[in-house]
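**Student:** Next come the chains, spelled out residue by residue.
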Amino acid sequence: MKKDIILAGVGGQGILSIATVIGSAALEQGLYLKQAEVHGMSQRGGDVQSNLRLSSAPIYSDLIPKGGADLIVSLEPMEALRYVPYLAPDGWIITNTTPLVNIPDYPPMDRVLEALNGFPQVLAMDVDGMAKDLGSPRGANMVLLGAMSAVLHILEPEKLREGIRRVFGRKGEAVVASNIKAFDAGLAHFQNR
Amino acid sequence: MAQKNLLLGDEALALGALHAGLSGVYAYPGTPSTEITEYIQAHPLTAERKVHCDWSSNEKTAMEAALGMSYAGKRALVCFKHVGLNVCADAFMGSATTGANGGLVIASCDDPSMHSSQNEQDSRFYGSFAMMPVFEPSNQQETYQMTRAAYDYSEKRGIPVLMRLTTRMAHSRAVVENGEDIREQNSLHYPEKTRQWVTLPVNARIRNRELIKDYAQFEDDAVHSPFNSLTEGKDNGLGIIACGIAYNYLMENYPDGCPYPVLKVSQYPFPKELARQLATKTGRILVMEEGQALVEERLRGVFPSGIQILGRLDGTLPRDGELTPDAVRCALGLPALPQYPAAEVVAPRPPALCQGCGHRDFYTALNNVLKDYEGARVFGDIGCYTLGWMPPFKSLHTCVEMGASLTMAQGAAYSGTWPAVAVIGDSTFTHSGMTGLLDAVNGKADVTLCISDNLTTGMTGGQDSAGTGRIEAICEGIGVEKEHIRTIVPLPKNYPDMEKVIREELEYHGVSVIVCRRECIQTLRRHAAKK
Numbered sequence: 001m002k003k004d005i006i007l008a009g010v011g012g013q014g015i016l017s018i019a020t021v022i023g024s025a026a027l028e029q030g031l032y033l034k035q036a037e038v039h040g041m042s043q044r045g046g047d048v049q050s051n052l053r054l055s056s057a058p059i060y061s062d063l064i065p066k067g068g069a070d071l072i073v074s075l076e077p078m079e080a081l082r083y084v085p086y087l088a089p090d091g092w093i094i095t096n097t098t099p100l101v102n103i104p105d106y107p108p109m110d111r112v113l114e115a116l117n118g119f120p121q122v123l124a125m126d127v128d129g130m131a132k133d134l135g136s137p138r139g140a141n142m143v144l145l146g147a148m149s150a151v152l153h154i155l156e157p158e159k160l161r162e163g164i165r166r167v168f169g170r171k172g173e174a175v176v177a178s179n180i181k182a183f184d185a186g187l188a189h190f191q192n193r
Numbered sequence: 001m002a003q004k005n006l007l008l009g010d011e012a013l014a015l016g017a018l019h020a021g022l023s024g025v026y027a028y029p030g031t032p033s034t035e036i037t038e039y040i041q042a043h044p045l046t047a048e049r050k051v052h053c054d055w056s057s058n059e060k061t062a063m064e065a066a067l068g069m070s071y072a073g074k075r076a077l078v079c080f081k082h083v084g085l086n087v088c089a090d091a092f093m094g095s096a097t098t099g100a101n102g103g104l105v106i107a108s109c110d111d112p113s114m115h116s117s118q119n120e121q122d123s124r125f126y127g128s129f130a131m132m133p134v135f136e137p138s139n140q141q142e143t144y145q146m147t148r149a150a151y152d153y154s155e156k157r158g159i160p161v162l163m164r165l166t167t168r169m170a171h172s173r174a175v176v177e178n179g180e181d182i183r184e185q186n187s188l189h190y191p192e193k194t195r196q197w198v199t200l201p202v203n204a205r206i207r208n209r210e211l212i213k214d215y216a217q218f219e220d221d222a223v224h225s226p227f228n229s230l231t232e233g234k235d236n237g238l239g240i241i242a243c244g245i246a247y248n249y250l251m252e253n254y255p256d257g258c259p260y261p262v263l264k265v266s267q268y269p270f271p272k273e274l275a276r277q278l279a280t281k282t283g284r285i286l287v288m289e290e291g292q293a294l295v296e297e298r299l300r301g302v303f304p305s306g307i308q309i310l311g312r313l314d315g316t317l318p319r320d321g322e323l324t325p326d327a328v329r330c331a332l333g334l335p336a337l338p339q340y341p342a343a344e345v346v347a348p349r350p351p352a353l354c355q356g357c358g359h360r361d362f363y364t365a366l367n368n369v370l371k372d373y374e375g376a377r378v379f380g381d382i383g384c385y386t387l388g389w390m391p392p393f394k395s396l397h398t399c400v401e402m403g404a405s406l407t408m409a410q411g412a413a414y415s416g417t418w419p420a421v422a423v424i425g426d427s428t429f430t431h432s433g434m435t436g437l438l439d440a441v442n443g444k445a446d447v448t449l450c451i452s453d454n455l456t457t458g459m460t461g462g463q464d465s466a467g468t469g470r471i472e473a474i475c476e477g478i479g480v481e482k483e484h485i486r487t488i489v490p491l492p493k494n495y496p497d498m499e500k501v502i503r504e505e506l507e508y509h510g511v512s513v514i515v516c517r518r519e520c521i522q523t524l525r526r527h528a529a530k531k
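Those sequence lines, one after another, are chains A and B. Quick note on my numbering: the first sequence kicks off at 1 and runs consecutively. Quick note on my numbering: the second sequence kicks off at 1 and runs consecutively.
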């Protein structure tokens, strides 16, 4: 089995913490993994993405081909759309709906949502709002991770919860608990959609 | 003990060096190389073995210090981004003449597609230029192994090894299994051959002839290297030469194995004998290499006219930019996967200076003053503040390479430009700006140097900056008049004061320095979180 994922967002939003949790779970499960990151100038408020590839067999390329991604997971709605040429025809888009507007020509939100809803498999959700309601505004990433875990398949949700415990363990039990709560809320949101 | 870790290519190189018995890393930060040194700085073995790991002022000082460590018999690592190799080119070329005593590995990280760079130069050219072997691993596991092998090779052949990574290797993570043995560090011991370390012409001529002979040996080593291989294929209608990570993009497109014969190249000088063997099998050779067409250029014209060479130069692969699985797929004549068209609604989102960044306030004040000076030209430099060229600031007229701001301003000022303003960051100033300031003082140039000091090397993620706390003292020591070294704090409430100072120093017809100092908000946040 293999899963190719594009993680998208804006520099500073922290898409890499999602990758770190998945990476920890994948390593524990003995999966092969490649994860290409963006560092340097692009991190300064520009568009950023990470190509994350998981497989039970060895992986060659660090980059996902166009039309090859099983999932686009984005912390920002327009950024999800930036990578649709990479989405496989039956792939999923799981995205936040809260826009990050740091450019003068950000398109109208209704056009962004309309474009997103034109794809066959989309879950667009207010990740920021959900994280705030849970009392952990910094848990938006984990809400998104929870939602995508419903279609990840190559790693079961429980393995990802274990990944959260390993990655955030040294920050204390409270941080772990709030991240797991955020994760579970995301997963439930997908299941009840 | 053998362990599996998720490591960036940069980190795999760092771990390989530590396990090879490293005694010191010397580096200047630069994307995509920075994480090599940061990994070594954080590794427990570094403290345990007292491995040198402080940042150097620039790539030249780094290269020279590492060469000194090699002279003293210990294993050293130098790291920088590709353009850093230009900064240290004199020392680098010289190190081929001196050769290596303790193992010396020079890691140069190229950035094809210029994700965070000003050009796409391919470090492999420097390898053949200096007659030095080049190692170019194809994946993270091989990076770990090849780094260890590079140290042994460097000592065996008495030559530094240039390790070339590219962005997608440097900044991509994969599972890396390390070796079980961690080699001891070398003890202090000096070279047996002493003359080549004094590069007077009388010695250098002798050494040059030796090096020419050695280079033929390096090529023979590459022909027999375990990191290079020629594999058979079922279909000889095409032969493929895949260099470095191009091998991955090739294999990605053939999950059940490549039907064509493949020459995988990770160790240079280019093993021409293996290419000749490949050419006996096929009449068409496709060359895939990340970066510039180094191998392809050299193969054209080498073979009889019946053999067709395909690659970047004839358009089979794109002439510039990094390779991708899609570009390689197209070159192999495979159809593109079904895909959605790009979404029209998406707007570009270029990088920008952070909200609250001191560079923003500096540019705002500078622009307000320069509105009144029609002839003003602003010479920029390399760092986050280069983003001041972009809207809304549009403050800069030039940016070329590290340190060029003040020196270009001098040439322009002498030609009649007034006011000639240079903008440089604190780390870039101590990297390559100080000697230019000495020129300005000696030449009594009519220039205004603005040092936008955020107390760190910001663009690469907040590494130490070599001159922190001493910028004014350095300028005074170089000879700038004390009354024309001014310090301002870039904040909106200070705009009137800032503008007054800038105006006064523009009106002074000599060398002025305005130090514009406020901590980078990224490092400020990190420091606050630590407390």
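Do not take every clue at face value.
Below are the BS3-like pairs computed for lysine-lysine, each with C-alpha atoms no more than 27 angstroms apart in a straight line [claimed, not checked]: (1) A:K3 with B:K530; (2) B:K4 with A:K132; (3) A:K3 with A:K181; (4) A:K181 with B:K371.
Some, not all, of what chain A presents toward chain B, calculated at C-beta under 10 angstroms [unchecked claim]: (5) T20; (6) A26; (7) G30; (8) K34; (9) V38; (10) R82; (11) P85; (12) A88; (13) P104; (14) A115; (15) D184; (16) A188; (17) F190.
Simulated from the structure, these hints should not be mistaken for laboratory data. No experiment lies behind these values; they were computed from the predicted model shown. The beta-carbon is built from N, C-alpha and C at its ideal position, and this holds for glycine as well.
**Student:** Against chain B, run the beta carbon of A88 (chain A) and see if the smallest gap drops under 10 angstroms.
**Tutor:** Hint on A88 (chain A): holds, closest Cβ of chain B at ~8 angstroms, below 10 angstroms.
**Student:** A closest beta-carbon separation below 10 angstroms is what the hint needs, so does D184 (chain A) meet it against chain B?
**Tutor:** violated (25 angstroms)
**Student:** Regarding the hint that G30 (chain A) lies at the interface with chain B, is the smallest CB-CB distance below 10 angstroms?
**Tutor:** Holds: closest Cβ of chain B sits about 9 angstroms from G30 (chain A), inside 10 angstroms.
**Student:** Under 10 angstroms, Cβ to Cβ, is where R82 (chain A) needs to be relative to chain B, so tell me if that hint holds or is violated.
**Tutor:** holds (5 angstroms)
**Student:** How about V38 (chain A): closest beta carbon in chain B under 10 angstroms, or not?
**Tutor:** holds (7 angstroms)
**Student:** Are T20 (chain A) and chain B close enough, Cβ to Cβ, to be under 10 angstroms, as the hint says?
**Tutor:** holds (9 angstroms)
**Student:** Take the shortest C-beta to C-beta distance between A26 (chain A) and chain B; is it under 10 angstroms?
**Tutor:** holds (8 angstroms)
**Student:** Given the hinted pair K4 (chain B) and K132 (chain A), is their Cα-Cα distance within 27 angstroms?
**Tutor:** Violated, at about 37 angstroms.
**Student:** For the hint on P104 (chain A), just tell me whether its beta-carbon gets within less than 10 angstroms of chain B.
**Tutor:** holds (8 angstroms)
**Student:** Holds or violated: A188 (chain A) as interface residue toward chain B, Cβ cutoff 10 angstroms?
**Tutor:** violated (29 angstroms)
**Student:** Please verify whether K3 (chain A) and K181 (chain A) have alpha carbons no more than 27 angstroms apart.
**Tutor:** holds (25 angstroms)
**Student:** Do the numbers back the hint for F190 (chain A), that is, is its least Cβ distance to chain B under 10 angstroms?
**Tutor:** Not OK, violated: F190 (chain A) not within 10 angstroms of chain B, min 22 angstroms.
In this structure, the hints that do not hold are numbers 1, 2, 4, 15, 16, 17, in rising order.
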